[in-house]
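Visitor: The primary structure of each chain is shown beneath.
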Amino acid sequence: MLFDIDFDVSTDKAQEVNAPLETYHRVQQFIYHEARLLDERQWKPWLDLWTEEGMYWIPREHGQASPYDHISLCWENALLRELRVRTLENPRNWAQQPITHSTRVSITS
Amino acid sequence: MPYTNQQIAQLVRDDSVHKSIYTDSELFKLEMERIYGQAWIYAGHESQVPEIGDYHTTLIGGQDVVMVRDTDQTVKVVYNRCPHKGSMLVARGSGNTGKFFRCPYHAWTFKLDGSHLAAPMRRGFEGTNFDPKSPEFSIRPLARVENYRGFIFVSQAAEGPSLLDFLGGAVSSIDNLCDRSPVGEVEVAGGVFKVMQPSNWKVFYENLHDTMHARITHESSYTSAREQAETIGHMPLELHIMDGNGQPYEFWEGLSIAAFDYGHGYMEGIFNPGAIETDPITRSHFETLEKAYGRERALEILGENRHNTIIYGSGSPHTVFQQFRVIRPIAVDRTMVEIQVFRLKGAPEAIFQRGLMYANLINSPSSNVMPDDIELYGRCQQGNTTRGGEWVSQHRYAGTDTPVEGGFTSINGTSELPMRNQFRAWKQYMLGDN
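Going line by line, the protein sequences match chains A and B. Numbering that gives the first Met the number 0 numbers the first residue of the first sequence as 0 and each following residue consecutively. Numbering that gives the first Met the number 0 numbers the first residue of the second sequence as 0 and each following residue consecutively.
Bear in mind the hints are in silico, worked out from the structure with no lab data behind them. Cβ atoms here follow ideal geometry from the backbone N, Cα and C, with glycine treated the same way. Incorrect hints may appear among the rest.
[What the hints assert, rightly or not] Derived CB-CB ranges, DEER-like:
# : chain 1 : residue 1 : chain 2 : residue 2 : range
1 : A       : Asp3      : B       : Ile51     : 33 to 41 Å
2 : B       : Pro247    : A       : Pro90     : 18 to 26 Å
3 : B       : Pro247    : A       : Ala34     : 38 to 46 Å
4 : A       : Gln28     : B       : Tyr147    : 53 to 61 Å
5 : A       : Ala64     : B       : Gly97     : 22 to 30 Å
6 : A       : Gln41     : B       : Pro235    : 26 to 34 Å
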């Protein structure tokens with residue numbers, strides 16, 4: 000179940016990391032690659048980027064520390080991500096008439 | 000152009016309503032006076048203001064009000080207006096104002112029930128008509144405020160039916176929701192979603208018991224859920240709640256619908272979150288209730304499986320997934336829906352998590368299911384502004400609405416009784432016949 004998972008997903012423990020330039024570049028390229036796949040609606044390659052246990056999380060509130068005791072805009076495992084792709088591509092998705100065009104802006108520093 | 004009562008009466012037929020009911024701002028203004036200015040409207044839940052001084056603002060028919068926990072521990076609701084220059088006392092949202100309200104403009108202060116406390120430099124009012132004992136110099140409370148099991152309802156009219164008389168049979172849904180807690184109490188927890196609909200408030204109310212729309216409007220999500228279930232070989236709850244919308248017409252025909260005076264109603268449940276015998280979470284919930292109420296009562300409580308309940312003018316509580324969709328009209332073509340999620344006090348935490356899961360999947364703006372509804376509501380709003388016809392049909396099983404004590408029942412689950420019942424109430428309000 001979605002709420003059985005119990006690892007800390009909060010960002011308040013996030014820290015600066017001193018990574019070599021090469022690693023930093025590859026991480027950046029990965030993020031741009033993901034953004035391009037989504038903006039181009041290449042759902043299958045996007046799903047393939049994920050590990051099995053990966054969770055897609057869009058918190059509901061600023062500073063929300065946990066998706067386990069609070070609603071989230073998205074809290075989705077592999078099953079739900081795949082479901083989302085199927086729904087998006089379904090010809091009778093009335094809310095996707097016309098389809099949503101997106102442009103992701105990545106800001107890295 | 001001001002509407003006469005005769006003109007208003009002609010907008011509602013036995014089996015159809017005129018499209019202007021959804022698109023005319025004049026009628027919207029009248030609705031805010033004659034419906035929202037009279038009826039009992041849900042303001043919020045007392046758990047949103049637990050400590051003295053806690054406040055939570057909301058809109059009652061477009062009126063800015065403040066729900067606040069008074070020093071005597073009761074919940075009061077006052078208009079968000081300072082009697083001095085008319086300023087809103089608090090900004091929209093929630094917070095704590097301490098033991099009194101203090102207007103940020105000139106620091107006039109008021110007790111939490113709204114009564115005048117002090118105004119700076121009193122000397123300047125000597126010999127004038129300034130009178131701190133007059134209601135003119137206090138914050139005005141809503142005419143009537145009632146707390147039913149933590150649910151705070153208000154009426155802007157001093158006279159009218161009592162809250163319980165008003166709610167009629169719909170009160171049993173509030174009771175069932177609370178009784179699913181072993182201590183009979185719920186609390187708003189886990190956050191509130193807000194969704195803006197580009198459509199008239201009544202379009203949403205009519206959809207809540209529209210049993211003919213689900214398998215058409217939600218085709219993209221339930222067919223996807225079924226495909227998904229097939230690839231993994233079983234149907235977990237997350238997919239079951241989407242699959243439900245795809246039930247065949249025969250299923251919907253067999254559901255029972257109850258319609259009550261004042262436009263309220265409820266319909267039989269469409270999900271089966273888990274039989275007590277087979278699902279460990281439901282079993283654990285049952286055992287908690289059995290300990291509190293005894294086996295027979297526990298079975299009765301959990302056996303009451305309802306889908307959407309409608310409290311016309313307030314919104315829609317859902318007993319099985321513990322939520323309340325609060326419906327606030329903003330404009331003739333704009334409606335704000337706030338989805339409150341409840342924790343059942345003393346019940347297993349897994350039941351609360353189910354409520355979170357249902358809210359995330361069904362009520363989130365990112366839902367795979369809800370956007371199809373919003374799209375169709377918006378299309379109805381747009382289509383009804385064209386010259387493409389005058390009337391909105393409510394013909395299904397017209398003439399078969401069966402009167403019972405306090406309302407009507409349907410002879411078929413696909414009857415448009417709920418819509419006709421809502422307009423029966425609408426007409427009574429708008430003609431001043433309540």
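Visitor: Decide, hint by hint, whether the structure agrees.
Guide: Hint-by-hint comparison with the structure:
Roughly 38 Å separates the CB atoms of A:Asp3 and B:Ile51, a value that falls within the hinted 33 to 41 Å. One distance hint, 18 to 26 Å for the beta-carbon pair B:Pro247 and A:Pro90, holds here, with the actual separation near 21 Å. Look at B:Pro247 against A:Ala34: about 42 Å separates their beta carbons, and that is inside 38 to 46 Å. Checked against the hint of 53 to 61 Å, the pair A:Gln28 and B:Tyr147 passes, with Cβ atoms roughly 58 Å apart.
Hint check: A:Ala64 to B:Gly97, Cβ distance near 28 Å, so the stated range 22 to 30 Å holds. The supplied range of 26 to 34 Å is met by A:Gln41 and B:Pro235, whose beta-carbon atoms lie about 27 Å from each other.
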